[in-house]
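Chains as they are written, first to last, in the working numbering: chain A, 7 to 400; chain B, 7 to 400.
These are calculated hints, taken from the structure and not from any lab test. Don't take each hint at face value.
To be verified - Distance windows between CB atoms, simulated:
1) A:Lys173 - B:Asn47: 56 to 64 Å
2) A:Thr71 - B:Thr134: 33 to 41 Å
3) A:Ser327 - B:Glu217: 32 to 40 Å
What the hints assert, rightly or not - Over 12 Å on every C-beta distance to chain A, these chain B residues come out as not near it, computed from the model:
4) Glu11
5) Tyr12
6) Pro15
7) Thr16
8) Ile19
9) Lys22
10) Ile221
11) Ile225
12) Gln231
13) Tyr247
14) Ala249
15) Gly268
16) Asn310
17) Val324
18) Arg372
Unchecked claim - The calculated lysine-lysine pairs, modelled on DSS-like cross-linking and capped at a C-alpha distance of 27 Å, are:
19) B:Lys17 - A:Lys17
20) A:Lys22 - B:Lys173
21) A:Lys17 - B:Lys93
22) A:Lys173 - B:Lys136
23) B:Lys136 - A:Lys17
24) A:Lys136 - B:Lys136
25) B:Lys136 - A:Lys35
26) B:Lys136 - A:Lys33
27) B:Lys39 - B:Lys27
28) B:Lys394 - A:Lys38
29) B:Lys173 - A:Lys17
30) B:Lys332 - A:Lys136
31) A:Lys27 - B:Lys35
32) A:Lys173 - B:Lys22
33) B:Lys27 - A:Lys173
34) B:Lys22 - A:Lys35
35) B:Lys131 - B:Lys33
Every residue, glycine too, gets a C-beta built ideally from N, C-alpha and C.
There are 2 protein chains.
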Amino acid sequence: MRSFEYYTPTKVIFGKDTHLKTGALLKEKNYKKVLIHYGGNSAVSSGLLDEIKSSLEDAGVSYITLGGVVPNPRLSKVREGIELCRKENVDFLLAVGGGSVIDSCKAIGYGVANPWTDVWNFFLKTETPKACLPIGTVLTIAASGSEMSNSCVITNEDGWLKRGSVKSDLCRPVFAILNPRLTYTLPQYQTESGCVDILMHTMERYFVNIETMEITDSISEALMQTVIYNARILMKDPGNYNARAEVMWAGSLSHNGLTGCGTAGGDWACHQLEHELGGLYDVAHGAGLAALWGSWARYVYKENPERFAQFATNLFDVPWSADIEKTALAGIEAMEEFFRSVEMPTNLRELGLNLSDEQIHELAFRCSFEDTRTIGVFKQLNMKDMEKIYLAAR
Amino acid sequence: MRSFEYYTPTKVIFGKDTHLKTGALLKEKNYKKVLIHYGGNSAVSSGLLDEIKSSLEDAGVSYITLGGVVPNPRLSKVREGIELCRKENVDFLLAVGGGSVIDSCKAIGYGVANPWTDVWNFFLKTETPKACLPIGTVLTIAASGSEMSNSCVITNEDGWLKRGSVKSDLCRPVFAILNPRLTYTLPQYQTESGCVDILMHTMERYFVNIETMEITDSISEALMQTVIYNARILMKDPGNYNARAEVMWAGSLSHNGLTGCGTAGGDWACHQLEHELGGLYDVAHGAGLAALWGSWARYVYKENPERFAQFATNLFDVPWSADIEKTALAGIEAMEEFFRSVEMPTNLRELGLNLSDEQIHELAFRCSFEDTRTIGVFKQLNMKDMEKIYLAAR
């Protein structure tokens with residue numbers, strides 16, 4: 007059993023109308039100037055941005071705004087934010103949006119607080135941040151878990167490189183306001199893509215080849231069952247508050263570290279494989295993960311079929327059989343069947359990509375950093391392995 | 007579904023030999039003088055205290071010590087600690103021990119940081135603390151969850167009043183060092199009493215009469231199953247590292263707020279009933295809870311038999327039957343059967359108390375604050391109800 011550290015300092019304020027407390031929360035902390043960072047039109051047209059602004063004004067909190075964050079958030083917007091924050095002496099970043107907006111905030115926070123280097127170095131992992139501006143979030147998409155996590159992912163348009171930052175507690179948000187109602191207006195595809203992302207944050211930590219903790223395993227399995235059950239409800243009833251709430255809280259718990267206690271970091275190969283899809287083809291992150299997961303799972307499960315068999319029986323009630331591999335495969339099939347039931351892709355074609363052999367090779371070449379690194383720990387994957395998984399997913 | 011806040015800023019460092027990091031951790035934070043607070047001889051004779059001192063000395067951290075904390079920790083020791091800290095300008099409190107030592111630290115921390123009032127007022131709940139000295143813990147007993155919690159319990163020898171403090175995030179420890187090996191030397195009775203305490207911290211939050219969150223329910227059920235399974239292992243194999251580790255981590259998670267997300271605070275009647283036993287008769291907290299729980303459960307279950315039936319089927323695989331009350335009662339019986347299997351009492355006689363009618367009446371009189379308050383939310387209990395429960399447990 008592995009040692010671990012667990013540190014989740016983010017204060018969570020969960021429930022209806024909680025976003026109206028934003029101004030009061032910021033006033034408590036005495037910040038001088040806040041940057042409200044957001045994405046596209048939905049935050050504006052829904053009236054959410056105006057409510058947040060009013061909340062800050064009522065509390066006497068000074069702010070400026072910067073919108074325009076896109077899915078797979080861009081380094082150019084991060085640089086724009088850094089410059090603006092410096093010019094305006096911003097000392098707090100408020101993300102109003104989903105994972106893209108939060109991740110953009112985290113990168114801006116790193117950039118402003120570490121003037122001694124270029125922010126992209128934290129994503130190339132050639133430098134380690136020494137500080138970060140404090141961040142708060144008003145979450146509108148249950149998916150990324152970035153509202154409590156210690157990482158962020160940014161896409162550099164120069165080469166379309168999608169890269170995760172060095173993991174650091176410095177970027178964990180100070181507070182996370184979770185109002186499930188703010189997710190009602192999401193398109194179904196994004197809602198379900200978010201559910202897959204939440205499942206994957208749990209599965210990346212679950213599928214390891216070491217002796218894990220029972221309590222972590224059973225919490226992870228409970229969390230995944232909750233997401234699967236409620237993702238199905240949201241297909242028919244997207245305005246179901248309880249289902250939205252279950253998924254939203256599962257999203258935060260899946261990525262704040264709880265599901266990784268004793269799992270020595272987790273696997274993360276699927277995330278690495280998806281980052282190349284997101285960088286080059288701008289697909290929805292969760293959908294990209296769904297399109298790859300089954301192919302990854304079938305490629306690696308023989309390393310530890312017992313683990314996949316446990317997954318199959320505990321999550322999907324697959325009967326335990328003496329043929330462990332059969333049980334393992336039935337679990338993979340059951341997860342893919344779930345993906346299909348919520349209209350998520352289980353291969354790249356269903357994701358909308360028809361890739362040539364050259365394009366597949368290019369993905370593997372990029373994901374392996376030009377054949378210089380391996381990914382994954384459940385099974386270590388080199389460039390050839392990556393290419394085979396992308397091909398199997400085609 | 008209820009709104010909630012969740013805030014667990016304590017940094018957990020979990021695993022073998024982690025206590026040797028104490029000095030380095032304190033040095034990072036630049037504290038000037040640390041009070042090492044501990045209990046009786048076991049911390050000394052086991053060599054633990056010397057290891058902690060060496061760790062601080064190696065890191066160049068200045069400290070003083072104060073031992074002698076007893077189970078059901080006393081206000082007089084708290085006052086001694088406050089005076090010592092003031093005299094020596096202590097700015098950090100390090101608890102080396104279990105819940106009693108940690109709670110004593112929390113009370114000292116409140117006392118030192120709030121010179122404007124007497125510390126006992128925070129336990130009478132007539133005042134609210136405005137600050138607390140920072141606290142770190144090296145845990146030696148898996149039980150109280152105080153290493154991550156926002157509360158503490160102190161016994162005032164003047165009247166033998168055992169009272170919980172106002173709940174406040176101010177007293178949540180800065181760090182918690184959890185090395186399961188430090189619990190190896192505990193007597194079996196204390197180990198199993200600790201397991202009951204952990205279960206009760208979860209059950210107090212679980213047994214509520216409102217619509218709860220599925221994810222909280224299933225995490226709580228997973229946690230309780232882990233504790234029950236491993237408590238049984240520890241009866242036969244007290245040196246089993248994995249079982250010690252599962253129980254230790256469950257102890258922290260059971261009381262850091264996770265199992266209460268969406269349960270609006272929980273019930274806590276059993277804890278209130280037990281506090282009178284602990285205050286007057288100095289019994290082990292967990293054993294006292296075990297002695298009362300069944301009688302409480304049978305007294306209240308009809309308020310919401312479905313909840314007890316869920317508990318029965320999900321925890322103990324009791325078959326769901328059309329007769330909900332029968333299922334509910336089977337669950338209560340199964341928990342008591344577990345208590346017996348780990349040699350915990352299921353009534354006051356087995357706890358070692360032979361109480362007269364007058365003594366029972368006295369317990370209820372004190373627990374109801376002289377017939378001026380009710381306790382519990384699953385079913386609100388007045389003095390008469392309390393007396394009936396104590397009687398049923400006799």
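Hint check:
Separated by about 42 Å at the C-beta atoms, lysine 173 of chain A and asparagine 47 of chain B break the suggested range of 56 to 64 Å. For threonine 71 of chain A paired with threonine 134 of chain B, a C-beta distance near 37 Å keeps the hint of 33 to 41 Å intact. Hint check: serine 327 of chain A to glutamate 217 of chain B, Cβ distance near 38 Å, so the stated range 32 to 40 Å holds. Distance check on glutamate 11 of chain B: its Cβ comes as close as 5 Å (rounded) to a Cβ of chain A, failing to clear the 12 Å threshold; non-interface status is violated.
At roughly 4 Å, the least C-beta separation between tyrosine 12 of chain B and chain A is not larger than 12 Å, which violates its mark as non-interface. Listed as outside the interface, proline 15 of chain B is inconsistent with that label: its C-beta sits roughly 4 Å from the nearest C-beta of chain A, within the 12 Å cut-off. With a least CB separation of 8 Å from chain A, threonine 16 of chain B falls inside the 12 Å interface cut-off, contrary to its annotation. With 12 Å as the threshold on Cβ separation, the claim that isoleucine 19 of chain B sits away from chain A is violated: the shortest Cβ distance comes to roughly 6 Å.
For lysine 22 of chain B, the condition that its CB be more than 12 Å from all CB atoms of chain A is violated, with the nearest at approximately 7 Å. Non-interface status of isoleucine 221 of chain B relative to chain A is broken: a Cβ of that chain comes within 12 Å, the nearest being about 4 Å off. With a least CB separation of 5 Å from chain A, isoleucine 225 of chain B falls inside the 12 Å interface cut-off, contrary to its annotation. Distance check for glutamine 231 of chain B against chain A: the nearest CB is about 7 Å away, which does not clear 12 Å, and the non-interface claim fails.
Distance check on tyrosine 247 of chain B: its Cβ comes as close as 7 Å (rounded) to a Cβ of chain A, failing to clear the 12 Å threshold; non-interface status is violated. The Cβ of alanine 249 of chain B does not lie farther than 12 Å from every Cβ of chain A; its closest approach is about 9 Å, which violates its non-interface assignment. At roughly 8 Å, the least C-beta separation between glycine 268 of chain B and chain A is not larger than 12 Å, which violates its mark as non-interface. With a closest Cβ-Cβ approach of about 18 Å to chain A, asparagine 310 of chain B is found to remain outside the 12 Å limit, as its non-interface label requires.
Interface exclusion of valine 324 of chain B from chain A stands, the closest Cβ pair being 18 Å apart, more than 12 Å. Every Cβ of chain A is farther than 12 Å from the Cβ of arginine 372 of chain B; the closest lies at roughly 36 Å, confirming the non-interface assignment. For the hint linking lysine 17 of chain B to lysine 17 of chain A, the alpha-carbon distance of about 14 Å falls within 27 Å, and the restraint holds. Of the supplied pair hints, the one linking lysine 22 of chain A and lysine 173 of chain B holds, its CA atoms being roughly 24 Å apart against a limit of 27 Å.
A C-alpha spacing of about 35 Å is found between lysine 17 of chain A and lysine 93 of chain B, which places the hinted pair above 27 Å, so the restraint is violated. Only pairs whose Cα atoms come within 27 Å are accepted, and lysine 173 of chain A paired with lysine 136 of chain B is rejected, the gap being roughly 34 Å. Restraint check for lysine 136 of chain B and lysine 17 of chain A: the C-alpha separation of about 19 Å stays at or below 27 Å, so the hint holds. As the CA atoms of lysine 136 of chain A and lysine 136 of chain B are separated by approximately 31 Å, the hinted pair breaks the 27 Å bound.
For the suggested pair lysine 136 of chain B and lysine 35 of chain A, the alpha carbons sit about 15 Å apart, so the restraint of at most 27 Å is met. Of the pairs offered as hints, the one joining lysine 136 of chain B and lysine 33 of chain A holds, with about 18 Å between alpha carbons and a cut-off of 27 Å not exceeded. Using a Cα cut-off of 27 Å, the hinted pair lysine 39 of chain B and lysine 27 of chain B holds, with the two alpha carbons roughly 17 Å apart. For the hint pairing lysine 394 of chain B with lysine 38 of chain A, the CA-to-CA distance comes to about 58 Å; that exceeds 27 Å, so the pair is violated.
For the proposed pair lysine 173 of chain B and lysine 17 of chain A, the alpha carbon gap of about 16 Å is at most 27 Å, so the pair holds. Our distance criterion of 27 Å between C-alpha atoms is broken by lysine 332 of chain B and lysine 136 of chain A, whose separation comes to about 60 Å. The straight-line distance between the Cα atoms of lysine 27 of chain A and lysine 35 of chain B is roughly 32 Å, outside the 27 Å bound, and the hint therefore fails. Our distance criterion of 27 Å between C-alpha atoms is met by lysine 173 of chain A and lysine 22 of chain B, whose separation comes to about 24 Å.
As the CA atoms of lysine 27 of chain B and lysine 173 of chain A are separated by approximately 22 Å, the hinted pair is consistent with the 27 Å bound. A threshold of 27 Å between alpha carbons decides the hint, and for lysine 22 of chain B with lysine 35 of chain A the separation of about 38 Å lies outside it, so the pair is violated. Pair hint lysine 131 of chain B plus lysine 33 of chain B does not hold up; C-alpha atoms about 35 Å apart against a cutoff of 27 Å.
When each numbered hint is compared with the structure, violations occur for hints 1, 4, 5, 6, 7, 8, 9, 10, 11, 12, 13, 14, 15, 21, 22, 24, 28, 30, 31, 34, 35.
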